[in-house]
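Enquirer: The primary structure of each chain is shown beneath.
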Amino acid sequence: MSGHELHPLVKQLLDGDITLADLPAELRAEGEAALRLLAGVDRTDVSMPAVTWRVMAKLEGRRRRFLPWLLAPALAIAAALVIWLVPRTPAPASLVTVRFVLVAPDAKQVSLAGTFNQWDPQATPLVRAGAAGVWTATLTLPAGQHQYAFVVDGARWVPDPGAPAIDDGFGRRNSVLTL
Amino acid sequence: MRSESQSADGEIVRAVLAGDRERYAQLVERYRDRYARYATRMLGSVDAAEDAVQDAFVRAYDQLAQCKEPDKFVGWFFLILRNRCFAERRRNRNSASLDAANEVAAADRADGGAENAESRRALQRALLELTPDQREVFVLKHVEGLSYGEIAERLSTSIASLKMRMHRAYDKLRERLRDHT
Amino acid sequence: MQQGTGIAQRLAGRVPPQIASLVQELGTAASARGLPIDPLIDKAIEGSAKGVAPERVASAVRLVAMQLDTAATALRDGGLVADTLAIAAGEFAITAGLSGSDIKALARTGANAVALTVGLRVAGTLAALGVPPAEDIGLVSVALRSGEPVSALLSLPANVQSAIAKGATPAQAAAGLARAAAAQAAHGPPPDRGGGHPHLPHPPTPPHP
Numbered sequence: 001m002s003g004h005e006l007h008p009l010v011k012q013l014l015d016g017d018i019t020l021a022d023l024p025a026e027l028r029a030e031g032e033a034a035l036r037l038l039a040g041v042d043r044t045d046v047s048m049p050a051v052t053w054r055v056m057a058k059l060e061g062r063r064r065r066f067l068p069w070l071l072a073p074a075l076a077i078a079a080a081l082v083i084w085l086v087p088r089t090p091a092p093a094s095l096v097t098v099r100f101v102l103v104a105p106d107a108k109q110v111s112l113a114g115t116f117n118q119w120d121p122q123a124t125p126l127v128r129a130g131a132a133g134v135w136t137a138t139l140t141l142p143a144g145q146h147q148y149a150f151v152v153d154g155a156r157w158v159p160d161p162g163a164p165a166i167d168d169g170f171g172r173r174n175s176v177l178t179l
Numbered sequence: 180m181r182s183e184s185q186s187a188d189g190e191i192v193r194a195v196l197a198g199d200r201e202r203y204a205q206l207v208e209r210y211r212d213r214y215a216r217y218a219t220r221m222l223g224s225v226d227a228a229e230d231a232v233q234d235a236f237v238r239a240y241d242q243l244a245q246c247k248e249p250d251k252f253v254g255w256f257f258l259i260l261r262n263r264c265f266a267e268r269r270r271n272r273n274s275a276s277l278d279a280a281n282e283v284a285a286a287d288r289a290d291g292g293a294e295n296a297e298s299r300r301a302l303q304r305a306l307l308e309l310t311p312d313q314r315e316v317f318v319l320k321h322v323e324g325l326s327y328g329e330i331a332e333r334l335s336t337s338i339a340s341l342k343m344r345m346h347r348a349y350d351k352l353r354e355r356l357r358d359h360t
Numbered sequence: 361m362q363q364g365t366g367i368a369q370r371l372a373g374r375v376p377p378q379i380a381s382l383v384q385e386l387g388t389a390a391s392a393r394g395l396p397i398d399p400l401i402d403k404a405i406e407g408s409a410k411g412v413a414p415e416r417v418a419s420a421v422r423l424v425a426m427q428l429d430t431a432a433t434a435l436r437d438g439g440l441v442a443d444t445l446a447i448a449a450g451e452f453a454i455t456a457g458l459s460g461s462d463i464k465a466l467a468r469t470g471a472n473a474v475a476l477t478v479g480l481r482v483a484g485t486l487a488a489l490g491v492p493p494a495e496d497i498g499l500v501s502v503a504l505r506s507g508e509p510v511s512a513l514l515s516l517p518a519n520v521q522s523a524i525a526k527g528a529t530p531a532q533a534a535a536g537l538a539r540a541a542a543a544q545a546a547h548g549p550p551p552d553r554g555g556g557h558p559h560l561p562h563p564p565t566p567p568h569p
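Residue numbers (my numbering), protein chains in the order written: chain A, 1 to 179; chain P, 180 to 360; chain F, 361 to 569.
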């Protein structure tokens with residue numbers, strides 16, 4: 001029965017101006033069928049993250065000054081990629097030597113675990129000096145943000161008493177090292 | 180839309196016009212996904228939509244000096260994107276829209292299963308057979324959720340003429356979908 | 361997908377399978393939105409290394425994902441285009457107790473991405489020392505606005521710590537330093553910003569031969 005148009009009231013239903021209850025009984029079935037049609041609408045969000053760098057790369061080509069190292073359009077795009085795609089790394093990469101100290105006279109074993117060694121309690125043991133129970137380790141770390149804790153006797157996670165501390169999300173505290 | 184973000188738009192537009200090209204990226208970041216869905220439903224293909232959105236942003240940059248109300252960049256940008264989408268349909272009038280519809284539906288996830296995926300594909304196919312004006316009012320109202328009043332303002336047209344387009348769209352969609360079942 | 365391989369490799373042998381797939385899923389989505397994935401990976405590895413139950417690790421990782429979003433939004437609202445290091449620093453600041461508004465306030469100082477990233481890390485560290493948000497953001501904002509070099513920003517926590525050791529409360533310590541920095545900015549020579557817009561990304565490095 002092609003060519004048969006939807007009843008005007010059903011169209012108002014689809015527009016959202018009236019509800020199914022407002023339709024006379026003889027139009028309910030047609031109304032429901034029409035609503036089912038609308039239900040097939042795809043409303044999923046669409047995301048296009050690549051558009052940002054692609055647009056800016058195109059605009060890059062509109063530079064008025066001639067930069068000597070932008071020799072060809074391909075290089076211009078590659079240069080733009082450096083800005084927009086590659087996460088920025090701090091430049092120049094600088095390293096800082098840090099000495100970690102924990103006073104724990106009763107401990108048999110102390111190690112250091114943190115973001116710089118995959119939180120592995122076995123990766124960085126501290127060395128005990130003398131009977132006073134001063135445990136130390138010296139590491140060279142890249143500039144940036146680090147979190148860590150001491151692990152005493154392989155089981156007890158202890159934040160550094162001398163350092164700023166934040167919630168670790170697991171009921172304990174991590175120490176913070178900002179280089 | 181928060182008024183705070185509107186004034187930020189105007190500020191960015193003015194900064195870009197004053198020579199700070201890099202700040203344009205903020206506008207792109209802010210609005211590219213908002214119109215990604217509209218473009219995708221209009222063109223039936225995510226790839227085509229991505230090209231359209233990208234081209235629209237580049238064109239908007241080129242014509243930025245003609246944006247009379249920098250605080251209303253969004254509405255002005257939408258018209259550029261709209262033109263670009265309409266131009267695409269004219270270009271591709273002869274290409275198979277079936278593949279495009281399948282491509283869009285392929286992105287569907289398992290919400291509802293095969294039956295819903297099929298009905299979504301069918302509707303997208305049918306949408307592509309409407310005229311661009313009819314498809315647009317349908318997408319703006321039933322995908323983007325705008326009211327007739329909002330659509331009328333955006334397209335600078337009357338609610339009455341929008342309803343006429345939409346009601347013809349309803350009839351055509353029903354006809355297409357009935358023929359396929 | 362290359363990104364996915366990276367995530368899987370870093371988690372291999374360090375987290376149980378259900379955590380690995382959660383991080384994979386969250387990481388892929390985050391990456392597509394321009395968010396850094398390291399904080400997600402680090403938190404998953406940390407929880408597993410600490411012997412925490414998988415459900416709790418999952419919650420913690422999801423929280424990090426949410427905080428990354430909050431940080432990214434706050435930075436965007438403050439005028440900084442997506443920068444993964446700054447977003448990660450913002451997420452750290454939120455963990456330390458600061459809010460999206462605090463992050464946005466720092467972004468609005470107009471500092472460039474490098475300085476702002478350090479500023480956010482320092483702000484988080486000060487919060488971890490007990491400095492309340494108002495004094496914290498106040499001090500870091502003054503430092504950022506006066507264009508202090510990164511090394512000066514990084515020494516703020518140590519300066520606050522020594523003031524605390526001398527008997528000041530964290531709030532007093534921070535406020536005192538802020539006053540001193542503002543006074544210096546008013547009377548010292550204007551800092552050389554080197555021109556250019558604060559939010560310009562670094563100029564692209566020339567392609568390597």
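What the hints contain is simulated information worked out from the structure, not anything from laboratory work. Warning: the hint list may mix true and false statements.
Pair ranges (Cβ atoms, derived) [stated by the list, open to error]:
hint, chain 1, residue 1, chain 2, residue 2, range
1, P, GLU297, A, PRO142, 25 to 33 angstroms
2, P, LEU258, A, GLY171, 18 to 26 angstroms
3, P, SER337, A, LEU35, 24 to 32 angstroms
4, P, GLU329, A, HIS7, 24 to 32 angstroms
5, A, ASP45, F, SER419, 22 to 30 angstroms
6, A, ARG36, P, ALA266, 52 to 60 angstroms
7, F, ALA540, P, GLU329, 51 to 59 angstroms
8, A, THR97, F, GLN378, 34 to 42 angstroms
9, A, LEU35, P, ILE338, 17 to 25 angstroms
10, A, THR97, F, ASP398, 20 to 28 angstroms
Here are the computed lysine-lysine pairs in the BS3-like style, where the Cα-Cα straight-line distance is at most 25 angstroms [unchecked claim]:
hint, chain 1, residue 1, chain 2, residue 2
11, A, LYS108, F, LYS410
12, P, LYS247, A, LYS58
13, P, LYS251, A, LYS58
14, F, LYS410, P, LYS251
The model shown is predicted, which means the values in this text are computed figures rather than measured ones. Note that the Cβ used here is the ideal one computed from N, Cα and C, for glycine as well.
Enquirer: Determine which of the earlier numbered hints do not hold for this structure and return their numbers in increasing order.
Expert: Structure breaks hints 1, 2, 6 and 14.
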